[in-house]
Amino acid sequence: MAPQGMKVAPVFNPVIHSPVRLRVCALMRKMPELEFSVIRDTLELTDAHLSKNLRVLSEVGLVTVRKERSPSRTDSRRLTWVALTDEGRSALEAHLAALAEIAEGNPGSA
Amino acid sequence: MANHSVRPSHSESHDPLAPADALNALSDLDRDSANLAERVITPWWYHAALGAIVALTVGAQALPQPAASTLVVLGILAIPLVMHSYSRRHGLATTQPAGPRSRRLLLISVGVLVGAFIAVLAFKLIGIPEVWLLLPASVAGMATVALGRRYDVALRQEIAEGWRHRA
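Protein chains in written order, with this note's numbering: chain H, 1 to 110; chain R, 1 to 167.
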């Protein structure tokens with residue numbers, strides 16, 4: 001991630017730009033990790049929809065997904081923690097900069 | 001790894017992204033950030049537990065060895081345990097600052113803790129009666145609770161600021 005105050009070069013990212021994936025990535029932008037159910041509930045997504053998009057983000061290395069045993073569940077279900085990778089953070093910042101430019105009427109980044 | 005750094009998705013359909021669409025997408029992110037910030041509320045016991053552990057760890061220096069060292073080790077182990085327990089229960093980790101205000105408060109908290117340990121060591125070197133070690137212990141414990149609560153507020157505000165502000 002670029003240091004505070006440093007301008008990020010706008011780069012439109014087609015993988016991130018899918019509406020759900022953009023919202024998922026942006027949600028994790030200021031958090032080290034978020035649990036699957038928190039992302040699902042905050043964005044009001046279904047499990048399947050979120051899983052599918054996380055798989056895409058994970059396959060291209062923008063997020064990491066790790067499983068952890070749940071303390072409150074007696075069955076075999078586990079907590080699923082999601083985090084942006086360094087590459088994911090950089091790509092997200094660049095994509096947000098590109099969107100901001102487009103929103104301001106400068107389509108040069110798209 | 002796929003190359004995903006340059007080509008815009010809408011280039012596949014040759015439709016440029018309209019400014020209004022970009023604005024809508026960014027507005028959605030602001031709303032999501034505000035929703036997430038509402039979830040970042042630590043339970044009442046969280047900072048109380050951290051404050052008690054810090055106070056006990058610092059105050060333990062008034063005890064003879066090996067009890068003092070044992071309590072310090074237990075305290076150092078207990079702090080991440082409490083943080084981890086909260087993260088697992090609520091599905092989010094709050095240990096990473098989300099901006100300059102929360103970063104500053106985190107650094108101040110660490111500074112207070114280090115200062116309390118230095119004060120305890122200084123008291124022992126000078127030979128001040130051990131009961132006085134409770135003073136830095138109490139200050140460290142209370143500061144942990146007070147700064148922790150302020151940290152929560154700053155973290156919530158910085159998360160709610162949305163996409164315009166970088167962490």
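Simulated from the structure, these hints should not be mistaken for laboratory data. Keep in mind that a hint or two might mislead.
[Claimed, not checked] Here are a few chain R residues that sit away from chain H, every Cβ distance over 12 Å (derived from the structure):
| hint | residue |
| --- | --- |
| 1 | Ala67 |
| 2 | Arg89 |
| 3 | Ile108 |
| 4 | Val110 |
| 5 | Gly115 |
| 6 | Leu121 |
| 7 | Ile128 |
[Claimed, not checked] Have a look at the derived ranges for each label pair, beta carbon to beta carbon:
| hint | chain 1 | residue 1 | chain 2 | residue 2 | range |
| --- | --- | --- | --- | --- | --- |
| 8 | H | Asp86 | R | Val110 | 20 to 26 Å |
| 9 | H | Asp41 | R | Ala20 | 27 to 33 Å |
| 10 | H | Val65 | R | Leu135 | 32 to 38 Å |
| 11 | H | Thr64 | R | Trp132 | 26 to 32 Å |
| 12 | R | Ala18 | H | Glu44 | 44 to 50 Å |
| 13 | R | Pro43 | H | Thr64 | 24 to 30 Å |
| 14 | H | Arg69 | R | Ser138 | 46 to 52 Å |
[To be verified] Here are some of the chain R residues that sit facing chain H, going by a computed Cβ distance under 8 Å:
| hint | residue |
| --- | --- |
| 15 | Thr42 |
| 16 | Ala119 |
| 17 | Ser138 |
Ideal Cβ positions, reconstructed from N, Cα and C, are used throughout, including at glycine.
Results for each hint:
no., hint, result
1, Ala67, "30 Å, holds"
2, Arg89, "7 Å, violated"
3, Ile108, "18 Å, holds"
4, Val110, "17 Å, holds"
5, Gly115, "26 Å, holds"
6, Leu121, "32 Å, holds"
7, Ile128, "41 Å, holds"
8, Asp86/H x Val110/R: 20 to 26 Å, "24 Å, holds"
9, Asp41/H x Ala20/R: 27 to 33 Å, "28 Å, holds"
10, Val65/H x Leu135/R: 32 to 38 Å, "47 Å, violated"
11, Thr64/H x Trp132/R: 26 to 32 Å, "48 Å, violated"
12, Ala18/R x Glu44/H: 44 to 50 Å, "25 Å, violated"
13, Pro43/R x Thr64/H: 24 to 30 Å, "28 Å, holds"
14, Arg69/H x Ser138/R: 46 to 52 Å, "38 Å, violated"
15, Thr42, "14 Å, violated"
16, Ala119, "31 Å, violated"
17, Ser138, "31 Å, violated"
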